[in-house]
Amino acid sequence: MTGIDRISALPDSLLEHILSYLPTKKSVRTSALSKQWKNVWASVPVLEFDFADFLSEDIFIPTEYGNIINEHSECHENFVRLIDAALASRQGQRIDRFTLVWKSQVKEYHHHGHPVRRWISLVLQQSPQVLSIYVRPSYAKVEVPDMAFTCSSLEEMKLQVDQEDRAEVLQPKLVNLPSLKRLNLGYFTIKADFMSKLLLGCPKLEELELFCCGLNLSQISCSNLKSLVLDGCCNFEEIWVSIPSLQYLKVTIMSSQTAGFVFENMSSLVKASVCFFTDDEFETNFYNSEAKILNGLSRVTNLDVFLHELEAVGMLKQALKNCPYFENLKAVHFENYDGYLIGYLLSCMDMIDRLVRHSPILGNLTFYCYRDLSEIFELLEKLKELVCEHGNCQLVESQQGHIYESLDEVENLLFRYTQRFAKMKLELATVEAEEEDDDGGGGDDDDGGGAGDGVVGGEAWWEEGEGGLAEEEEEEGDVEQRGEEMEEQEGNQEDGE
1 MTGIDRISAL PDSLLEHILS YLPTKKSVRT SALSKQWKNV WASVPVLEFD FADFLSEDIF
61 IPTEYGNIIN EHSECHENFV RLIDAALASR QGQRIDRFTL VWKSQVKEYH HHGHPVRRWI
121 SLVLQQSPQV LSIYVRPSYA KVEVPDMAFT CSSLEEMKLQ VDQEDRAEVL QPKLVNLPSL
181 KRLNLGYFTI KADFMSKLLL GCPKLEELEL FCCGLNLSQI SCSNLKSLVL DGCCNFEEIW
241 VSIPSLQYLK VTIMSSQTAG FVFENMSSLV KASVCFFTDD EFETNFYNSE AKILNGLSRV
301 TNLDVFLHEL EAVGMLKQAL KNCPYFENLK AVHFENYDGY LIGYLLSCMD MIDRLVRHSP
361 ILGNLTFYCY RDLSEIFELL EKLKELVCEH GNCQLVESQQ GHIYESLDEV ENLLFRYTQR
421 FAKMKLELAT VEAEEEDDDG GGGDDDDGGG AGDGVVGGEA WWEEGEGGLA EEEEEEGDVE
481 QRGEEMEEQE GNQEDGE
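FYI, the UniProt record's numbering numbers position 246 of the sequence shown as 246, with every residue one higher than the one before it.
I should point out that these hints are in silico values taken from the structure, not numbers from a laboratory.
Please note that the accuracy of each hint is not assured.
Said to hold, decoys possible - List of simulated lysine-lysine pairs, DSBU-like, C-alpha gap at most 35 angstroms: (1) K250 / K141; (2) K317 / K191; (3) K158 / K204; (4) K271 / K292; (5) K250 / K204; (6) K173 / K103.
The whole structure should be built from the sequences, with the hints applied where relevant.
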């Protein structure tokens with residue numbers, strides 16, 4: 001029985017819509033299906049190019065520093081030819097969205113200029129709504145054309161052009177983006193005159209993200225932004241941020257910064273994420289500043305604190321010394337990247353205590369960490385003191401990930417102090433992480449293993465031992481039994497009373 005090709009019977013407009021969800025390279029392949037499909041891809045208003053789709057074995061050159069991209073490989077030329085052909089086929093047609101991801105050691109273009117600049121110019125002539133460019137050319141020079149800042153149709157634009165130590169200074173003559181709502185800029189130098197033009201020329205701008213940019217300015221002030229991300233940026237002077245409409249703020253505080261941030265007029269701020277990042281200049285710069293990082297965030301309801309490494313705890317302590325009164329704060333989340341946060345916090349429990357005292361309606365205090373902790377029992381004593389002093393605390397088991405034996409014991413031991421209070425939850429969660437073996441056999445994390453909050457990686461770390469999961473389950477059963485025995489003893493004591 002011959003199958004019926006129902007898909008080819010669909011109208012071209014519907015086929016174009018279906019192909020718009022595919023990367024352009026795969027969309028082009030459909031032209032070989034039949035005569036009807038031959039030119040459908042050429043009318044799809046969405047173009048998406050990722051150089052990773054063009055990688056082959058011959059593109060890598062082994063060196064003493066690892067494999068690097070061969071700039072003379074045909075993959076580069078094929079990639080450029082496909083994009084040139086795709087744009088040429090769309091002259092006079094609309095392009096709703098254009099996405100380019102070129103992560104490699106891109107060859108230099110000495111004479112005729114980098115093709116990325118040419119592609120941006122061609123796309124902007126087709127009145128796109130979304131323009132997304134991520135290029136990591138290493139030694140190549142990529143200049144952003146001025147017309148990128150005068151396209152009236154753009155609603156979302158992402159420009160991240162990593163040029164090693166040659167960050168381009170954005171200085172267009174005019175900024176006029178009347179429809180732009182979301183803007184992401186990466187690896188540029190941002191000066192005061194450009195920031196002023198940008199905020200005035202984008203009346204509908206709601207989300208602004210600056211990634212690894214050099215900020216040569218003294219203030220960021222506007223009335224319509226709802227989200228601001230300053231991630232990995234280096235500022236050369238103190239920056240005053242005044243945005244009454246802002247609802248979300250994410251900022252990285254680097255210890256090497258010669259100046260910090262001052263936040264004011266944040267009356268609408270709901271959530272803030274602060275990342276403390278340390279480097280060699282840790283002692284000289286950050287400790288000598290006033291470190292009043294949290295003062296302008298006093299109206300938030302949710303606060304996330306990320307610590308990059310051990311030394312960042314010192315930055316946190318310095319910031320908490322000037323802890324403001326958080327009258328609206330309901331949830332605080334602590335996390336660090338190397339997985340041993342709770343042990344570090346032993347050195348600043350007095351500061352955590354101050355944060356709790358200054359947050360009268362705090363309902364959720366969460367610490368995320370990796371693996372079992374050797375210092376958990378010392379921490380337990382500190383937490384017991386904190387819980388007893390603040391009688392509004394309740395310890396509950398986190399639903400994220402697994403609670404292992406040591407943390408189960410924390411719950412059992414604290415239960416007697418917390419059972420009568422329900423205003424505040426203190427969550428202690430461990431994060432599963434898959435470590436790579438020393439010989440490199442661990443491989444990459446499996447996306448299917450830990451997509452949930454607070455859980456990272458696929459294969460659980462406890463499976464490294466000979467006992468495996470069976471031992472873990474047996475231990476958890478023992479913990480549950482001890483908890484039940486404790487509850488029974490407490491019940492008998494109450495009956496006796």
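To see whether the hints hold, each was checked on the structure:
Distance hint between K250 and K141 is fulfilled; the C-alpha atoms sit about 30 angstroms from each other, no more than 35 angstroms. About 32 angstroms separates the Cα atoms of K317 and K191, which keeps this hinted pair within 35 angstroms; it holds. Restraint check: the Cα-Cα separation between K158 and K204 comes to about 16 angstroms, which is no more than 35 angstroms; the hinted pair holds. Under the criterion of a C-alpha separation no larger than 35 angstroms, the hint pairing K271 with K292 is consistent with the structure, at around 18 angstroms.
At roughly 20 angstroms between alpha-carbon atoms, K250 and K204 fall within 35 angstroms of each other, so this suggested pair holds. For the hint linking K173 to K103, the alpha-carbon distance of about 30 angstroms falls within 35 angstroms, and the restraint holds.
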